[in-house]
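> Sequence:
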Amino acid sequence: MSDATPSARPPLSRDSVLRAALAIVDREGPEKLTMRRLGAELGVDPMAVYRHVPNKSALFDGITEVVWRSVDVDGIDVAGTWREELVGVMCSLRDALRAHPRAVVILGTRPVAGPELFALLERMLGRLAAAGMPPNAATAELLNILVTYTTGHVLAEAGEPVGGETDQPSDPGLNPSTHPHLAAVLADGWEHDPDRAYERGLRAFVDGWRHAPDPGERPR
Numbered sequence: 001m002s003d004a005t006p007s008a009r010p011p012l013s014r015d016s017v018l019r020a021a022l023a024i025v026d027r028e029g030p031e032k033l034t035m036r037r038l039g040a041e042l043g044v045d046p047m048a049v050y051r052h053v054p055n056k057s058a059l060f061d062g063i064t065e066v067v068w069r070s071v072d073v074d075g076i077d078v079a080g081t082w083r084e085e086l087v088g089v090m091c092s093l094r095d096a097l098r099a100h101p102r103a104v105v106i107l108g109t110r111p112v113a114g115p116e117l118f119a120l121l122e123r124m125l126g127r128l129a130a131a132g133m134p135p136n137a138a139t140a141e142l143l144n145i146l147v148t149y150t151t152g153h154v155l156a157e158a159g160e161p162v163g164g165e166t167d168q169p170s171d172p173g174l175n176p177s178t179h180p181h182l183a184a185v186l187a188d189g190w191e192h193d194p195d196r197a198y199e200r201g202l203r204a205f206v207d208g209w210r211h212a213p214d215p216g217e218r219p220r
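Numbering (UniProt numbering), first residue to last: 1 to 220.
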């Protein structure tokens, strides 16, 4: 006789529902997430799910909460300037997003202003303030830019192509006579390294921030 009886099953909670929903998204993608599918995943009637999340929209919002909560800001082991702190914070965010690549599109399109995101931003701002970067509008703007950059980078790196895999060859066999500049780049030994590209772009943002003019300021 199986031990998987209803009495042995742990009681449902909002957290267990959201984590099961995220597991479905991780395996099958957000388009496969339905209340019926979630009920089957949890081994309960779909109506039981509605006691914890009122609708599918709230379910997607909850998934973003779970992912934001997984960002390990406190475990970052860096000591130095606010620039190094900021790089460490964003790399930690990238690690969390890469653990759930199919959920990244949800986070990128549902900017939920909830307690989990507020708690994450508070921890980020606290670390930066301790390293000498004040909690002001400019800092918030830079954080927003870097979160957008990080989310987009992970989506481009790990996102699944619309319509399935491309039929185009990985080596297009460029003819130097028709594409001399592209051929020169390839001949120079360029290879795409997503980790290196991400951190180099991140540092370019951070290091160049203080020199970037504010488009809203009037020229003097």
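Hints were generated in silico from the structure; no laboratory data involved. Check each hint, because a few of them may be wrong.
What follows is a set of in silico ranges between Cβ atoms, one per label pair, in the way DEER data are often shown [stated by the list, open to error]:
#1 Ala113 with Leu155: 41 to 51 angstroms
#2 Ser177 with Gly80: 26 to 36 angstroms
#3 Gly114 with Ala40: 24 to 34 angstroms
#4 Gly126 with Met47: 17 to 27 angstroms
#5 Leu186 with Lys32: 32 to 42 angstroms
#6 Val185 with Ile145: 26 to 36 angstroms
#7 Tyr50 with Gly189: 55 to 65 angstroms
#8 Ser16 with Asp95: 47 to 57 angstroms
#9 Ala40 with Gly189: 48 to 58 angstroms
#10 Ala156 with Trp209: 48 to 58 angstroms
#11 Glu122 with Ala156: 27 to 37 angstroms
#12 Thr109 with Ala212: 25 to 35 angstroms
If you're wondering where the values come from, they're calculated on a predicted model, not measured in any experiment. Glycine is no exception: its CB is placed at the ideal position from the N, C-alpha and C atoms.
> Between glycine 126 and methionine 47, is the Cβ distance one that fits in 17 to 27 angstroms?
With a Cβ separation near 42 angstroms, glycine 126 and methionine 47 fall outside 17 to 27 angstroms, so the hint is violated.
> Between the beta carbons of valine 185 and isoleucine 145, is the distance compatible with 26 to 36 angstroms?
holds, 27 angstroms
> For the range 48 to 58 angstroms, tell me whether the beta carbons of alanine 156 and tryptophan 209 fit it or not.
violated, 22 angstroms
> Given the hint of 24 to 34 angstroms, check if glycine 114 and alanine 40 actually sit that far apart at their C-beta atoms.
holds, 27 angstroms
> Determine whether the Cβ-Cβ distance between tyrosine 50 and glycine 189 falls within the hinted range of 55 to 65 angstroms.
At 57 angstroms between Cβs, range holds.
> How does the Cβ-Cβ distance of serine 16 and aspartate 95 compare with 47 to 57 angstroms: does it lie in that range?
violated, 24 angstroms
> 48 to 58 angstroms was suggested as the range; check whether the CB atoms of alanine 40 and glycine 189 agree with it.
For glycine 189 against alanine 40, whose Cβ atoms are near 50 angstroms apart, the range 48 to 58 angstroms holds.
> Mind checking the hinted window 32 to 42 angstroms against the Cβ distance between leucine 186 and lysine 32?
Cβ of leucine 186 to Cβ of lysine 32: about 39 angstroms, so the range 32 to 42 angstroms holds.
> Range first: 25 to 35 angstroms. Now tell me if the beta carbons of threonine 109 and alanine 212 are that far apart.
For threonine 109 and alanine 212 the Cβ distance comes to about 27 angstroms; the hint holds.
> Falls inside 27 to 37 angstroms, the C-beta gap from glutamate 122 to alanine 156?
holds, 29 angstroms
> Does the beta carbon distance between alanine 113 and leucine 155 stay inside 41 to 51 angstroms, or does it fall outside?
violated, 21 angstroms
> I want to verify a distance hint. Is the separation of the beta carbons of serine 177 and glycine 80 within 26 to 36 angstroms?
Given about 50 angstroms between the Cβ atoms, the range is violated.
Against the hints set out earlier in the document, violations occur for numbers 1, 2, 4, 8, 10.
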